[in-house]
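Using the sequences and the hints given, assemble the complete structure.
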Amino acid sequence: MRLSRGARAALAVAMTLGLAVIYVPLGVVIVSSFNTDKTFGWPPSGFTLEWWRRAVDNVGARDALATSVKAGFGATAIALVLGTLLSFAVARYRFFGRDVVSILVVLPIALPGIVTGIALSSAIQTTLRPIGIDFGLFTVIIGHATFCVVIVYNNVLARLRRTSGSLEEASMDLGAGVFTTFRHVTFPAVRSALFAGGLLAFALSFDEVIVTTFTAGAGVQTLPIWILSNLTRPNQAPIVNVVAAVLIVASVVPVWLAQRVSADTAGGRL
Amino acid sequence: MSSAEGARPASFARRVSGTLYRRPGLRLGGLLTAPLGYLVVVYLGALGLLLMSAFWTTDEFSGNLVKSFTWANFHAVATTSVYRTVLIRSVGVAAAVTVICTAVAFPMAFFMAKVAPVRLRRGLVVAVLTPLWASYLVKAFAWRSMFSGDGVLDWALTPFGLSSPGFGLPATVVVLSYLWLPYMILPIYAGLERLPESMLEASADLGAKAGRTFRSVVLPLTIPAVVAGSIFTFSLSLGDYITVQIVGGKTQLIGNLIQTNVGAANNLPLAAALATLPIVIMVGYLLAVRRTGALDNL
Numbered sequence: 001m002r003l004s005r006g007a008r009a010a011l012a013v014a015m016t017l018g019l020a021v022i023y024v025p026l027g028v029v030i031v032s033s034f035n036t037d038k039t040f041g042w043p044p045s046g047f048t049l050e051w052w053r054r055a056v057d058n059v060g061a062r063d064a065l066a067t068s069v070k071a072g073f074g075a076t077a078i079a080l081v082l083g084t085l086l087s088f089a090v091a092r093y094r095f096f097g098r099d100v101v102s103i104l105v106v107l108p109i110a111l112p113g114i115v116t117g118i119a120l121s122s123a124i125q126t127t128l129r130p131i132g133i134d135f136g137l138f139t140v141i142i143g144h145a146t147f148c149v150v151i152v153y154n155n156v157l158a159r160l161r162r163t164s165g166s167l168e169e170a171s172m173d174l175g176a177g178v179f180t181t182f183r184h185v186t187f188p189a190v191r192s193a194l195f196a197g198g199l200l201a202f203a204l205s206f207d208e209v210i211v212t213t214f215t216a217g218a219g220v221q222t223l224p225i226w227i228l229s230n231l232t233r234p235n236q237a238p239i240v241n242v243v244a245a246v247l248i249v250a251s252v253v254p255v256w257l258a259q260r261v262s263a264d265t266a267g268g269r270l
Numbered sequence: 271m272s273s274a275e276g277a278r279p280a281s282f283a284r285r286v287s288g289t290l291y292r293r294p295g296l297r298l299g300g301l302l303t304a305p306l307g308y309l310v311v312v313y314l315g316a317l318g319l320l321l322m323s324a325f326w327t328t329d330e331f332s333g334n335l336v337k338s339f340t341w342a343n344f345h346a347v348a349t350t351s352v353y354r355t356v357l358i359r360s361v362g363v364a365a366a367v368t369v370i371c372t373a374v375a376f377p378m379a380f381f382m383a384k385v386a387p388v389r390l391r392r393g394l395v396v397a398v399l400t401p402l403w404a405s406y407l408v409k410a411f412a413w414r415s416m417f418s419g420d421g422v423l424d425w426a427l428t429p430f431g432l433s434s435p436g437f438g439l440p441a442t443v444v445v446l447s448y449l450w451l452p453y454m455i456l457p458i459y460a461g462l463e464r465l466p467e468s469m470l471e472a473s474a475d476l477g478a479k480a481g482r483t484f485r486s487v488v489l490p491l492t493i494p495a496v497v498a499g500s501i502f503t504f505s506l507s508l509g510d511y512i513t514v515q516i517v518g519g520k521t522q523l524i525g526n527l528i529q530t531n532v533g534a535a536n537n538l539p540l541a542a543a544l545a546t547l548p549i550v551i552m553v554g555y556l557l558a559v560r561r562t563g564a565l566d567n568l
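Protein chains in written order, with the working numbering: chain V, 1 to 270; chain X, 271 to 568.
Hints are computed from structural coordinates only; laboratory data are not their basis. Glycine included, every Cβ here is placed at the ideal spot set by N, Cα and C. One or more of the hints may lead you astray.
Unchecked claim - Computed beta-carbon distance windows for the label pairs:
| # | chain 1 | residue 1 | chain 2 | residue 2 | range |
| --- | --- | --- | --- | --- | --- |
| 1 | X | Leu491 | V | Ala250 | 46 to 56 Å |
| 2 | V | Phe187 | X | Gly299 | 12 to 22 Å |
| 3 | X | Leu491 | V | Val69 | 37 to 47 Å |
| 4 | X | Ala534 | V | Ala9 | 48 to 58 Å |
Written out as structure tokens, the structure reads:
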């Protein structure tokens, strides 16, 4: 498409402004974590490392981080298995109700989190509690997995649509069984899509607040729940700000990793 | 299996593999059982229970669920004017956020996919993806401190004789648009990237200027991607109740009503009846956009 010089310049300006709007609030958080003023007034009144020192010693934040990582791994593991199975069925077979499946799988992410949240919460209360399973890490993982499945499913499905099934047929014609074919032909083809999907699923679970609120119960605190309950406390707010700054800086790592591993330019699909 | 191998008994894995190979139906069944079982039992099951409880009531004194059929909750939702106002406001906010996100995301995605030099693309994608990982709450609170009385916005706008709009509905729309912007940029970017360069060249060769190519080739082919992004921005805004608590002042959205009825008011049936509104809206939206192929562009 031959764009005029003016149009190109306008688009470049839009891109720059867009990125500026995206990054200014994040920059404010990072700067505020060194601000002596507890209420984050602007411009900052002075420089301090006090909040960072206190944050390192904060047991609540560390425990919450560990819980979040556990929940993220659990939900991602379930999503990887279920999402992959489903994407293979949809990509490689024709069956009755295939369209319904493609709607069913996006439903958990397309319906607002609060709907998923209260539905799961009341279901846990009426069905799981009587058999002795109470709200906890397990129920958080179950809840997160419902909307993580679609992320893995989308990534693997997109990959499968681009790799033809004839490679698999060739492998089987040459005498490899179903499992051998999967190990040597199919899996290598979808590996990077699995990685990208798994990373995004983990990210989604790691940052989830609403479904977590309704499925966690009193004893389990993920990092977002910890942040939510501490932000309004004047003494804790600066420490939350430090945790936030760390999260912002740390978030570069997984995105960069996904970019390196995935051949997909988008580094993963939502 | 060759005759040489046939002499010794085939391994278990080999036999399972053989059976699966001969029976595609069995393969399909094996693939579908676990994921569909999970989604149907856990997700649809829970939704079904929720919808059922919308027809129940709570005992006024004990607060326990009374499982007898009644239309009372739906009647309350349909006739209470506050609920209608809040619903219209919520849909309006979700629509506004979607429009703003599309307007901001499209030029950015277009620049990333079609204008920026190839070596820059990767960096730009990373730059857009990274904030998706930075906590939702952190970003909402960053905006709270920016909108507040002595925050960044006031500081930046005062020299121009303006002041921060403060907390309220406009702030909510701004922050929600900010939060869900990457969810719109990524599908559009992916859609534009898949658009073959040769089609754009063909259009130019046939005499179309950039504007005409954009209207007649680019836009029709990227509509599914935009719709895919809008599923995220619309749904995520429609159910939000936390951002509006943080920057919305006294504003209430449908999510807040549902949340108060589940929590403080302890009226799950009424909350369930209210929750059917976003469910109906989103399912209707999904069914309507299915034909555009948007679901393949998520």
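Range agreement (Cβ of Gly299(X) with Cβ of Phe187(V), hint 12 to 22 Å): Because 21 Å falls inside the window, the suggested range holds.
Cβ distance range 48 to 58 Å for Ala534(X) and Ala9(V), holds or violated: 54 Å, holds
Outcome for the supplied range 46 to 56 Å, where the beta carbon pair is Leu491(X) and Ala250(V): 37 Å, violated
Range hint compliance [Cβ, Leu491(X) to Val69(V), 37 to 47 Å]: 41 Å, holds
In summary, the structure is inconsistent with hint 1 from the numbered list given earlier, while agreeing with all the others.
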